[in-house]
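Asker: Sequence:
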Amino acid sequence: HSIRMRLHLLRKKLEKAELQARSSSFYLCPGYKEKKCNGRYTEEEAQRVLDYNSGLFLCQECSRKYENDPNKPDIHTYTLQLVDNEKDLKVAMDNLRRLNVQLSAKSIGNQQLRPGIYDLLQKVRGKGKAPI
Numbered sequence: 012h013s014i015r016m017r018l019h020l021l022r023k024k025l026e027k028a029e030l031q032a033r034s035s036s037f038y039l040c041p042g043y044k045e046k047k048c049n050g051r052y053t054e055e056e057a058q059r060v061l062d063y064n065s066g067l068f069l070c071q072e073c074s075r076k077y078e079n080d081p082n083k084p085d086i087h088t089y090t091l092q093l094v095d096n097e098k099d100l101k102v103a104m105d106n107l108r109r110l111n112v113q114l115s116a117k118s119i120g121n122q123q124l125r126p127g128i129y130d131l132l133q134k135v136r137g138k139g140k141a142p143i
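With our numbering applied, the sequence shown corresponds to residues 12 to 143, in that order.
Since the hints were made in silico from the structure, they are not lab data.
Treat the hints with caution; some may be incorrect.
Claimed, not checked - Once the Cα atoms are required to be at most 30 Å apart in a straight line, the calculated DSSO-like pairs of lysine-lysine come out as:
(1) Lys117 x Lys134
(2) Lys101 x Lys117
(3) Lys27 x Lys44
(4) Lys98 x Lys23
(5) Lys98 x Lys27
(6) Lys83 x Lys46
(7) Lys23 x Lys134
(8) Lys27 x Lys101
(9) Lys117 x Lys47
(10) Lys98 x Lys44
(11) Lys47 x Lys76
(12) Lys46 x Lys117
(13) Lys98 x Lys24
(14) Lys76 x Lys46
(15) Lys117 x Lys98
(16) Lys101 x Lys44
(17) Lys24 x Lys117
(18) Lys101 x Lys23
(19) Lys24 x Lys101
(20) Lys23 x Lys117
(21) Lys47 x Lys83
(22) Lys27 x Lys117
(23) Lys24 x Lys76
(24) Lys44 x Lys83
(25) Lys44 x Lys76
Throw the hints in and build the complete structure from the sequences for me.
Answerer: This is how it looks when you write it as structure tokens:
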């Protein structure tokens with residue numbers, strides 16, 4: 012049972028990582044990298060900071076700071092930019108695929124080259140014997 016449980020937990024962890032990578036898009040203000048503001052927003056938060064005049068997502072801190080400034084910088088210097096998490100998603104999907112490939116049986120046509128981990132566990136368990 013402990014081996015099956017560990018495999019189950021590993022699979023769940025990898026599935027969770029993939030789900031998180033799929034849903035973890037976020038937006039950054041260009042000033043965030045330069046430590047001018049704390050402009051990191053989730054997708055939901057970015058929807059709330061939409062500037063209706065320009066149709067852009069603006070950093071709240073920066074837009075408030077430059078609100079009444081006659082010499083304010085270009086609006087694109089504090090427009091939120093979507094951070095690409097494609098690399099994280101690719102890694103998460105590849106890890107889950109590798110787990111599935113490594114744990115499953117390998118066959119060519121009807122000839123089985125190697126059994127899967129669950130087949131091996133079933134053989135070790137035997138018929139009618141107590142669980143592992």
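Asker: Checking against the hints above, which ones are violated?
Answerer: The structure breaks hints 9, 12, 23; every other hint is satisfied.
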